[in-house]
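As they're listed, the protein sequences go chains F and S.
Counting from 1, position 166 in the first sequence corresponds to residue 1162 in the working numbering; the numbering is continuous, with no gaps.
Counting from 1, position 37 in the second sequence corresponds to residue 250 in the working numbering; the numbering is continuous, with no gaps.
Honestly, the hints are just simulated from the structure, not real lab data.
The structure displayed is predicted, hence computed values, not measured ones.
Warning: the hint list may mix true and false statements.
[To be verified] Stretches of chain F that chain S covers, calculated by requiring three or more beta carbons in the stretch to come under 8 Å of a beta carbon on chain S:
1. 1039-1052
2. 1067-1075
3. 1079-1087
4. 1095-1108
[As the list claims (entries may be wrong)] In silico contact screen, one side only, chain S against chain F (beta carbon under 8 Å); selected entries:
5. S215
6. R282
7. A292
8. D294
9. L295
10. L298
11. P300
12. L303
13. S434
Quick reminder that beta carbons are idealized off the backbone N, C-alpha and C, glycines included.
Each chain is listed here by its residues.
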Amino acid sequence: MITALNLRGVGVSRGGRRLFSDLSLSLAAGQACALTGANGTGKTTLLRAIAGLVALDAGEVAFAGAQIDEARAGGLHLLGHLDGLKPARTAREELSFWSRWQGGSAAQATDAAAALELGPLLDLEVRRLSAGQRRRLALARLLAAPRPLWLLDEPLSPLDAGWRTRFGAMMQTHLAGGGMILAAVHDPLPIAALSLEIAG
Amino acid sequence: MSRISVLLARETALAWGRGGGALVSVGFYAGVATLLPLAIGPEAERLAAVASGAAWVALALASLLSLERLFERDYEDGALDLLTLSPLPLELTCAIKCLGQWIATGAPLALAAPVAAIALGASPALAPLIFACALAGGLAFAFVGGIGAALSLGARRGGLLTAVIVLPLFAPPVIFGGGALDAFAGGLPWHAGFALLGAYAAAAVALGPLAMAAACRNALS
């Protein structure tokens, strides 16, 4: 179980260009952090670097309470703007696959679908969902397999005002249970959060 | 275990659906087998001489068809990120993807292979060996092909690149399998060729996933 995320002096380059350097952050259980910065400054890259998909140039990512490989294998959710959902499969097939792949149970998948009001959509192919519905399906994965650290990339953008508020409440519940959230956003998060700005 | 079985079920379903899946491969295969007599002439003797070899080469080409999308779709839509963030080693995940590809396209092709060969005039006695060679060869094609598919991730015209990378690696199983079939048809000892084909398939299954996982990690970073 991860109890804290620590970034120390993190720097990443892509294609020979320095995106950012010397970023530090310390996120404890129950805390959220809004990651801001102009387009192209590397918010998505930082999230992927924390997940271990992108190599660091400098600095260190550490998780308290777990080995780094263990934390990345089973302790974090990464929600990107590419959501990994297959257009030709039904919402139910996708939710149940990802829930089991990420270590959740069938009951948790059912509860997650109920929490995001996906019931009537579950038998539709993913290609038939609107952008907001599709995002709700992606968000359902966060609840369908409990993991302490949520790395979210623009989680709110396709959601309507009502769902932004309700997802805010879900984030609040996650934090209250000892979870952590690092979210790349352009609009403020609907919950109390630290902030980390990547300078362009 | 549950992770492995759900992933295998997903990959088999995706490979089955990928561009028409098994039906397209089998249709392509039937097309090649039908065109061949038109190209080389209808004399039964001449056809029978090349039947098993032609069926075997067409099999290698047909197994290339849906290969390019094996990793590409998951790479493009972000699923590969989530498949990587798992307690299962990426190597095992890659192996399961190839196994799904083999179940969905390799096995139907292996069933079609003896039919095509006999239709071209091969002796029906060859059918069991053609089926066995096609099964083992299909496994090698899926795992070696997976390396090409993973290496061409992120490239434009990835399908072409996959074929260029993979076709030379398809040569040994084509030679071993063709040799075994030829020897069997001529009443000569055929076990050595079949054993080499099996050894090649086993090596592809054992080593291919290491290369695929490294190529995927590289493409993601």
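Consistency of the hints with the structure:
1. For the segment 1039-1052 of chain F, the stated coverage by chain S is satisfied: 6 residues place a CB nearer than 8 Å to a CB of that chain, which reaches the threshold of 3.
2. Counting residues of the segment 1067-1075 of chain F whose beta carbon lies closer than 8 Å to any beta carbon of chain S gives 5, which meets the minimum of three for the stated coverage.
3. Chain S is given as covering the segment 1079-1087 of chain F, and this holds because 6 residues of the stretch bring a CB closer than 8 Å to a CB of that chain, at least three being needed.
4. Note: the segment 1095-1108 of chain F has 4 residues with beta-carbon separation from chain S under 8 Å; the three-residue rule is met and the coverage holds.
5. Among the interface hints, the one on S215(S) holds; its C-beta lies about 6 Å from the nearest C-beta in chain F, closer than the 8 Å criterion.
6. Contact between R282(S) and chain F, as hinted, is not supported at the beta carbon level, the nearest pair being about 11 Å apart and thus beyond 8 Å.
7. Interface hint status for A292(S): upheld, as the beta-carbon distance to the closest one in chain F is roughly 3 Å, under 8 Å.
8. Contact between D294(S) and chain F, as hinted, is supported at the beta carbon level, the nearest pair being about 6 Å apart and thus within 8 Å.
9. Because the smallest distance between the Cβ of L295(S) and any Cβ of chain F comes to about 5 Å, under 8 Å, the interface hint for this residue holds.
10. Among the interface hints, the one on L298(S) holds; its C-beta lies about 6 Å from the nearest C-beta in chain F, closer than the 8 Å criterion.
11. At its closest, the beta carbon of P300(S) sits 4 Å from a beta carbon of chain F; the interface hint therefore holds under the 8 Å criterion.
12. Here the hint on L303(S) is broken, as its CB sits about 10 Å from the closest CB of chain F, past 8 Å.
13. Interface hint status for S434(S): upheld, as the beta-carbon distance to the closest one in chain F is roughly 5 Å, under 8 Å.
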